[in-house]
Amino acid sequence: MEPRSVPSSIGILLVGAGFIADVHSAAVAASSRAHLAGIVDADPGRAAAFARSHGAVPYTVDLAEALAWPNVDAVVVCTPNDTHRRIGAQVAAAGKHLLIEKPLATTLADARALAAEFAAAGRVLVAAHSHRHHAYGRAVKEAIEAGAVGRPRHARLAILGGWIWTGWDAWAADPVRSGGHALHNGVHVLDLVTWWLGGDPVRVFARGRRQTAAELRIYDYLEMVVEYADGAVSVCEMSRAHRPGSFGLRELLVTGTGGVIRQDWDGESSFLHTEGGTGLVPAAGGDGFTAQFESWLDAIGGAPSAMPVADAVRAVELGVAVEESIASGRPVAVGAAA
Amino acid sequence: MIRVYLEGSAGIGRQDHQNAMYRPAFAAHPAFELVTDKDKADVVSVAVALDRRAETIADAIRAGKHVLADKPLAATLAECEEIGRLAAERGVLVVPAHHQRFSPALRSAATAVRGGRVGLPWNVQCDFLVAGGDPAPTGELVNLALYPIDVVHAMLGLPVRRVHAVGDPDLVTLLVDHEHGVTSTILCGRIAELADVRSSGLAVHRYRVSGSHGVLAVDAAKPALRVSTAAGTTGRWTGPSTVDALLDVLAAGVRTGRAALGVADAVHAQRVVEAAQLSLDTGAPVPLESEN
Chain L
1 MEPRSVPSSI GILLVGAGFI ADVHSAAVAA SSRAHLAGIV DADPGRAAAF ARSHGAVPYT
61 VDLAEALAWP NVDAVVVCTP NDTHRRIGAQ VAAAGKHLLI EKPLATTLAD ARALAAEFAA
121 AGRVLVAAHS HRHHAYGRAV KEAIEAGAVG RPRHARLAIL GGWIWTGWDA WAADPVRSGG
181 HALHNGVHVL DLVTWWLGGD PVRVFARGRR QTAAELRIYD YLEMVVEYAD GAVSVCEMSR
241 AHRPGSFGLR ELLVTGTGGV IRQDWDGESS FLHTEGGTGL VPAAGGDGFT AQFESWLDAI
301 GGAPSAMPVA DAVRAVELGV AVEESIASGR PVAVGAAA
Chain U
1 MIRVYLEGSA GIGRQDHQNA MYRPAFAAHP AFELVTDKDK ADVVSVAVAL DRRAETIADA
61 IRAGKHVLAD KPLAATLAEC EEIGRLAAER GVLVVPAHHQ RFSPALRSAA TAVRGGRVGL
121 PWNVQCDFLV AGGDPAPTGE LVNLALYPID VVHAMLGLPV RRVHAVGDPD LVTLLVDHEH
181 GVTSTILCGR IAELADVRSS GLAVHRYRVS GSHGVLAVDA AKPALRVSTA AGTTGRWTGP
241 STVDALLDVL AAGVRTGRAA LGVADAVHAQ RVVEAAQLSL DTGAPVPLES EN
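Protein chains in written order, with this note's numbering: chain L, 1 to 338; chain U, 1 to 292.
Here chain L stands alone, though its shape is the one from the complex (with noise of 0.2 Å):
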């Protein structure tokens, strides 16, 4: 891609103020190169209190109005996962820039749709996988890629919690508004195996289990299994289902032709051992939303995307796979085989 003309300081509307709308904002705030120029929620309230606390920046409940702003150079969209495709063309239609929470969009038809949007507007598209550019996320791909294991033949990646979303009205847990847990959540993973192995998916089976409440609308639990084309496989686990709820683990273990990468579920940890009971303290830095960010800004000012569009996409139709595996308890064909 040319080197693109870019403003010493980007303008950076936010358009969702919920949840995570913090750690992207807390990443614009510790950028060199771009400001907060607004904010956009469809509650006013909300969108004036989070103005407040950003420096009282000019806020709307309006899109289309925010999007007019002379110094709005990109957009962040932080909200529900169905509102994707719909924000997502406007802010192409006003030749912005946009960095989209995950997924891309609900349903293969409609991300395959933004991304040519996107291309043609000549603007930059990328979605906030994040854990790409967690520490031990680049940490792998780059042993891999320096061929400290061989050919990757295995991949296993479980991050596991015990958390649940705040209610029933909550819409993550809304299968219309999230397109279901392997859409919301299970893309994190199916995105960053697959980079990992850098291999192109051909087969995803699943299996998914409603674990905290008989009556939940999503897969609390995911096992998600991809077959990749050149033989490799990966087992990619996803839960807010595990006990007790204050529970957190992540590992990883990759088994190559020439040895295995493994972290366990304290790689990253201390131990807290006091009267309550032992705990984890996560060692400090790795923060993937500042390295995502900054990745972006590079992308804008025309450097190769670490998060391309195309994979993205592909995220996608892996997840609504998942979501049709475990409903047809089959597996389930994906890229070129489907």
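No lab work stands behind these hints, which were simulated from the structure alone. Be careful, since some hints might not be right.
To be verified - The list that follows gives simulated cross-link-like pairs (lysine to aspartate or glutamate, EDC-like), each with its CA atoms no further than 20 Å apart: (1) 40/U - 59/U; (2) 38/U - 55/U; (3) 141/L - 311/L; (4) 141/L - 22/L; (5) 222/U - 264/L; (6) 222/U - 266/L.
Said to hold, decoys possible - To give a feel for the contact side, a few chain U residues facing chain L, derived at Cβ under 10 Å: (7) 2; (8) 122; (9) 177; (10) 179; (11) 185; (12) 200; (13) 204; (14) 214; (15) 223.
Since the model is a prediction, treat every value here as computed from it, not as a measurement. Every residue, glycine too, gets a C-beta built ideally from N, C-alpha and C.
Put chain U on the given structure of chain L with help from the hints.
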């Protein structure tokens, strides 16, 4: 003393578990003595080539001998089932050498799970990777996989309803559905030699059991020391021998008429292995309606 005759010294590929494992364990065990006259033996330790194993075990059973059988018990599910029928008819014990389930961490884990320490278990994840050694000519699905299949069986005690397998027979991922909606996943295979693992040693052997009220994470490489030198870091096992524990079970079985490990366990493992092979061949999950 229980008299033991050693029958054969073969196995899959170049395996000689009889002389490498069973002979020294029998010789050292206080309950057993080795004999060279098969007619005078109470137990026959069978480690013949797999294509002769069922026939050899059947001959021992017909002669009224108890049997310790190298794993796998036989080449096919039908042979395993026939051995079970014959052993029940003649009233003798057949103990398959599924000794990994007697690893001390796994014995404790099975006790914890069966004792409700994680509540109702709903998922097990397992990695069982052997580094180096002689690859099984038949693939590791029919050689190594029965070990973790058996351990999961010992932990859960649940019939299997469906098996799906991906990968290849040397590095296979088994996706197993059990009764009550419980699932398990087993990664099993042989990888390259590693500097810090003895040849044919376990590079990774662990289980994570998720239950309604907790999670049990088991590293079956424990208990062990970590010894670091200029040549690298290795583990040094500090637990009791799994083969010794297997012989304890055999000895108790001979004395009481009941063993904690038997043909039914081998039938279970072989049924899962054969379903996995069929799944690899067809690319589809294989239902197992008959398991109980």
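Cut-off 10 Å, beta-carbon criterion: hint that residue 214/U touches chain L
6 Å, holds
Is the hint on residue 200/U kept, meaning its closest Cβ partner in chain L is under 10 Å away?
16 Å, violated
Hinted pair, alpha-carbon criterion (20 Å max): residue 38/U, residue 55/U. Please report holds or violated.
Given that 20 Å is the threshold and the Cα spacing comes to 16 Å, the pair holds.
Given residue 177/U as an interface hint, is its Cβ closer than 10 Å to any Cβ of chain L?
This hint holds: residue 177/U lies near chain L, its Cβ roughly 8 Å from the closest one there, short of 10 Å.
Are the Cα atoms of residue 222/U and residue 266/L separated by 20 Å or less?
16 Å, holds
Minimum Cβ distance from residue 223/U to chain L below 10 Å?
17 Å, violated
Restraint: residue 2/U near chain L, CB-CB cut 10 Å. Satisfied or not?
It is violated, given that the least Cβ distance between residue 2/U and chain L is near 42 Å, above 10 Å.
Does the CB of residue 204/U sit less than 10 Å away from some CB of chain L?
7 Å, holds
Against chain L, is residue 122/U within 10 Å by beta-carbon distance?
6 Å, holds
Pair hint residue 40/U and residue 59/U, alpha-carbon separation not exceeding 20 Å:
Distance ~15 Å between residue 40/U and residue 59/U Cα, so the pair holds.
Chain L contact restraint on residue 185/U - CB to CB distance below 10 Å:
Cβ of residue 185/U sits 6 Å from chain L, so the hint holds.
Report holds or violated for the interface hint on residue 179/U, using the least CB-CB distance to chain L and a cut-off of 10 Å.
15 Å, violated
The structure does not agree with the numbered hints 4, 7, 10, 12 and 15 stated previously, though it agrees with the rest.
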